[in-house]
Amino acid sequence: MRATDILRFAARAALGYPLRTAMLVLAMAIGVAAVVALAAVGDGMRRYVVGQFASLGTNLVIMLPGRTETSGFQPGRFVTNTPRELTLDDAAALMRSPLVLRVAPLSVGSSEVAANGRLRDVTVLGTTGSFMVIRRLSLAQGRFLPEEGWQRAGAVAVIGATVHHELFDDGVAVGQTIRLGDRRLRVVGVMAPSGQGLDMNTDELVIVPVAMAQEIFNTRSLFRVLIETRGRDLIESAREDLARIMQARHDGELDVTLIAQDAVLSTFDNILVALTMSVAGIAAISLVVAGILVMNVMLVAVSQRTAEIGLLKALGAADRDIVRIFLTETALLSCSGALLGYGLGQAAAWFVRLYKPELPAWPPAWAVVAALGMALGSGLLFGVMPARRAAALDPILALARH
Amino acid sequence: MAQIELEGITRTFSLGEARVLALSAIDVTIEKGEYIAIMGPSGSGKSTLLHLLGMLDRPDAGYYRLEGRNVTTLSADELAAVRCQRIGFVFQSFHLVPRLTAGENIALPLVLAGTPPDVRARRVRKALDKVGLASRAGHRPDELSGGQRQRVAIARAIIMKPAMLLADEPTGNLDRHTGQEVTELLEALNAAGTTLIIVTHDPEMGLRARRRLMMRDGILNDDMGKGA
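Chains as they are written, first to last, in this note's numbering: chain W, 1 to 402; chain E, 1001 to 1228.
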């Protein structure tokens, strides 16, 4: 038999039983759609989380006071206390490394802010002008902290979007005076809303020069130092450089922890890829179920069309022709199911993107390939048995059973 | 050389514990162009003989030579090829594929043989003309009368220009008048040179054949009109 004739014959057979064909195609489609859509959502979450981390800044190394022997990412690191302080001079010394582009020291505390006759508890962040560049933040009004001597405690502040809304009703804030603890500061800028970034919400912050924060909280120590390296591939050597500098400054003892943004990022990336794959894997079970359904329905089709198979054999069809006809029919059903499912899955992902725009739910290529491959594979695999059974029919019995 | 030579053909079936001898040492020689009726009561083995002649079944013992070639030793696929090229079947219940049109049903043997579509179309048209159904090519079986369906089946049986036509009660599902027409069509094909072998238990139809093989209990009881 010619390939085109086999294809036409199988297609006619499939279309000859529209309800059965529709059900099979639907079953296969649901399986493929589930894999595609769930993988899309999972990958969307991965992208979302990775994006959140990336918004902290790229090529970033975070220095924390204190040290643990175990390296890697632990949430506890963000709240450790330290025996030896990390000072502003330490942070300034880091600029000596040629691999370092920018350094932003962070000093954090909470205080009361008063303005316009209103009072509010806020987190106060002391830092320098580099902070905004490193964190890729943008301003809604005015300007950011001046890049001046770190030791200068200028009486200026930049407020977050929420603080701006609560204290000034979104009105003009630049030039106004706020009271922070016992200091009177002039507002020079308002941050654009940015949302949650890792462990602090910049919308809720009042940002002041680092020296000012240290005066308010009466401390010399820093909470963190953010270091931006000159390139992605330089992060590792920069880490070693920074460690060497700190060791030299702290009497030969390495008592700071350096976390590369990339390490954290890739950890989360790996976790979420694994998560997406397992969710897609669970969805793929429905493809196996669909495959078994294909087998059942094809077995029914074989017994329904016993007379036809007997006739074909009497007319001179070889066994392999019969196998081919039935396998082609199975393949056609699986193929259309897979394509329909792919369309449905893409549509579902599109809906997710439409109603949750912050979730970039695009089905990853591996999921699409795996879903389509599995649909065709299981369809064909489970089609072999019915096709063999059809070919093995005794033509005399087949013809007699009319 | 005879077209068909059967020598000591034996076929037994197991029915549970019992073994039924369906054919017992049948010797028959059939020349090209003969018109034969295989007759006998139910269970006499006439259908089994027809299946063996059509190579749908294999004998347990004996030889079957078709046009001088021993076909008892051929593989299943080789048998299928011989069936396709040399044997035309006509069944009592027509056996048309319901979703295919008359023309497509007739073309089935050509499709199975891998004939190119343009050749197919030409030969199907000719076959339809031969059975007088040129205007019904695009109709599906359920749009045709019983007589028309059997004529489609006959057109399908002769499309490969086979050596013989094997007909199993070809008029069994037809009324008298239509049955008569179908018989005449088969006889016309026989007159044009195709060997015609009909299984029937209609004595009237049997009498029309030039040679009658009378079967009883798996034995060829009588061979009337041989050489006539």
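To be clear, the hints were calculated from the coordinates, so they are not data collected in a lab. Among the hints, a few may not be true.
[As the list claims (entries may be wrong)] Covered, in the sense of this in silico footprint (three residues per stretch, anywhere, with C-beta under 8 Å from a C-beta of chain E), are these stretches of chain W:
#1 11-19
#2 310-317
[Claimed, not checked] Far from chain W, some chain E residues (derived; all Cβ distances over 12 Å):
#3 A1002
#4 T1012
#5 R1083
#6 A1107
#7 V1111
#8 R1120
#9 H1177
[To be verified] Incomplete in silico selection of chain W near chain E, CB under 10 Å:
#10 G117
#11 L119
#12 D121
#13 D233
#14 L234
#15 E236
#16 A307
#17 R320
These figures come from a predicted structure and were not determined experimentally. Don't be surprised by glycine CBs; every beta carbon is placed ideally from N, CA and C.
Evaluated hints:
Counting residues of the stretch 11-19 of chain W whose beta-carbon sits less than 8 Å from any beta-carbon of chain E gives 4, enough to reach three: the coverage restraint holds. With a threshold of 8 Å between beta carbons, the proposed coverage of the stretch 310-317 of chain W by chain E holds, since 8 of its residues qualify and at least three are required. Chain W leaves E:A1002 outside its interface by the beta-carbon criterion, the shortest separation being 23 Å against a cut-off of 12 Å. Listed as a non-interface residue, E:T1012 keeps its Cβ farther than 12 Å from every Cβ of chain W; the least gap is roughly 15 Å.
A Cβ of chain W approaches the Cβ of E:R1083 within 12 Å, the least distance being about 4 Å, so the stated non-interface status is violated. Not every CB of chain W is more than 12 Å from the CB of E:A1107 (nearest about 9 Å), against its label as outside the interface. Non-interface status of E:V1111 relative to chain W is broken: a Cβ of that chain comes within 12 Å, the nearest being about 5 Å off. A beta-carbon of chain W comes within 12 Å of the beta-carbon of E:R1120; the shortest separation is about 9 Å.
Non-interface status of E:H1177 relative to chain W is upheld: no Cβ of that chain comes within 12 Å, the nearest being about 24 Å off. The beta carbon of W:G117 comes no nearer than 86 Å to any beta carbon in chain E, farther than 10 Å, and the hint placing it at the interface is violated. Among the interface hints, the one on W:L119 is violated; its C-beta lies about 83 Å from the nearest C-beta in chain E, farther than the 10 Å criterion. For W:D121, the interface hint is violated, since its Cβ never comes within 10 Å of a Cβ in chain E; the closest pair sits about 78 Å apart.
With a least beta-carbon distance of about 62 Å to chain E, the hint placing W:D233 at the interface is violated under the 10 Å criterion. With a least beta-carbon distance of about 67 Å to chain E, the hint placing W:L234 at the interface is violated under the 10 Å criterion. About 66 Å separates the beta-carbon of W:E236 from the nearest beta-carbon of chain E, more than 10 Å, and the hint is not met. Evaluation of the W:A307 hint against chain E yields a held restraint, the C-beta minimum of about 6 Å falling below 10 Å.
Hint on W:R320 holds. Least Cβ distance to chain E is approximately 7 Å, under the 10 Å limit.
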